[in-house]
Amino acid sequence: EAQVTQNPRYLITVTGKKLTVTCSQNMNHEYMSWYRQDPGLGLRQIYYSMNVEVTDKGDVPEGYKVSRKEKRNFPLILESPSPNQTSLYFCASSLWGTSGYQETQYFGPGTRLLVL
Amino acid sequence: SQQGEEDPQALSIQEGENATMNCSYKTSINNLQWYRQNSGRGLVHLILIRSNEREKHSGRLRVTLDTSKKSSSLLITASRAADTASYFCATCYYGNNRLAFGKGNQVVVIP
Chain A
1 EAQVTQNPRY
11 LITVTGKKLT
21 VTCSQNMNHE
31 YMSWYRQDPG
41 LGLRQIYYSM
51 NVEVTDKGDV
61 PEGYKVSRKE
71 KRNFPLILES
81 PSPNQTSLYF
91 CASSLWGTSG
101 YQETQYFGPG
111 TRLLVL
Chain B
1 SQQGEEDPQA
11 LSIQEGENAT
21 MNCSYKTSIN
31 NLQWYRQNSG
41 RGLVHLILIR
51 SNEREKHSGR
61 LRVTLDTSKK
71 SSSLLITASR
81 AADTASYFCA
91 TCYYGNNRLA
101 FGKGNQVVVI
111 P
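Sequences listed follow chains A and B, in order.
Going by the numbering used here, the residue at position 35 of the first sequence is 35; the numbering climbs one at a time, nothing skipped.
Going by the numbering used here, the residue at position 17 of the second sequence is 17; the numbering climbs one at a time, nothing skipped.
In short, the hints are calculated from the structure, not lab data.
Each residue gets a CB set at the ideal place from its N, CA and C atoms; glycine is no exception.
Certain hints may be false.
[Unchecked claim] Just so you have them, the derived chain B footprint on chain A, three or more residues with Cβ under 8 Å:
# : stretch
1 : 45 to 57
2 : 99 to 106
[What the hints assert, rightly or not] Incomplete in silico selection of chain A near chain B, CB under 8 Å:
# : residue
3 : Gly42
4 : Leu88
5 : Phe90
6 : Pro109
7 : Gly110
[As the list claims (entries may be wrong)] Here are some chain B residues the structure puts well away from chain A; computed CB gaps all over 12 Å:
#  : residue
8  : Gln14
9  : Ala82
10 : Asp83
11 : Thr84
Kindly generate the complete structure, drawing on both the sequences and the hints.
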């Protein structure tokens with residue numbers, strides 16, 4: 001089944017304790033992205049990757065790191081989490097269309113993070 | 001950052017009625033997409049409409065695109081309780097490799 005998986009689904013941690021949220025897709029998509037969703041603010045992009053070893057900042061990259069060593073995986077790293085990073089996080093992947101622009105994005109189920 | 005803006009933000013309707021929501025954007029797009037999100041779950045793609053298209057249908061969904069007004073609408077016909085969700089538009093702007101999401105429309109369908 002074509003899907004984007006994220007782990008963990010729920011995480012409670014404390015300020016400053018490094019954590020990684022994994023994301024994996026089995027659709028051979030070039031493009032992968034991380035978003036955070038907060039009430040009243042909608043979906044905001046954190047980082048994205050257009051292919052292996054190619055990553056770039058989105059709208060809210062501060063406090064986050066990513067890497068893209070393999071096409072299927074795109075982990076999100078919080079080196080020193082703070083309470084303002086408490087949020088619902090989504091990973092997504094997509095193909096490039098023949099026009100050279102993004103087509104449908106496929107979303108993971110989300111990771112709900114609470115930083116105390 | 002540039003992003004689509006949905007209007008209205010919240011909509012409450014009776015089952016069987018139609019629901020319409022609009023999305024406006026700021027500059028030229030390659031395509032515009034609509035997504036649905038059920039209560040904190042992942043977004044699910046509904047329809048993609050390209051800049052050279054004016055209308056697309058998928059089941060009970062109809063999307064229109066007016067590039068002269070820089071706006072799109074999503075119509076859900078004969079709504080069902082299961083249509084209760086948040087609906088987001090996302091724009092793919094020319095010269096930009098990212099999708100810009102709006103803040104979403106909350107639609108509640110009352111049985």
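Against the structure, the hints come out as follows:
Under the rule that three or more residues need a Cβ within less than 8 Å of chain B, the assignment of the stretch 45 to 57 of chain A holds, with 3 such residues. Only when three residues or more bring their CB closer than 8 Å to a CB of chain B does the claim for the stretch 99 to 106 of chain A stand; here the count is 7, and the claim holds. For Gly42/A, the interface hint holds, the least distance from its beta-carbon to any beta-carbon of chain B being 4 Å, beneath 8 Å. At a threshold of 8 Å, the smallest CB-CB gap from Leu88/A to chain B is about 6 Å, leaving the interface hint in force.
Given the 8 Å rule on beta carbons, the hint for Phe90/A holds: about 6 Å separates it from the nearest Cβ of chain B. Of the supplied interface hints, the one on Pro109/A holds, with its beta-carbon coming within about 5 Å of a beta-carbon of chain B, less than 8 Å. A distance limit of 8 Å between C-beta atoms decides the matter here; for Gly110/A the minimum to chain B is near 6 Å, and the interface restraint holds. The beta carbon of Gln14/B sits about 27 Å from the closest Cβ of chain A, which is more than 12 Å, so the claim that it is off the interface holds.
At roughly 19 Å from the closest C-beta of chain A, the C-beta of Ala82/B stays outside 12 Å, upholding its exclusion from the interface. Distance to chain A confirms Asp83/B as a non-interface residue, since its nearest Cβ pair spans about 19 Å, more than 12 Å. The Cβ of Thr84/B lies farther than 12 Å from every Cβ of chain A, with a closest approach of about 18 Å, so its non-interface assignment holds.
Comparing the model with each earlier hint shows no violations; every hint is respected.
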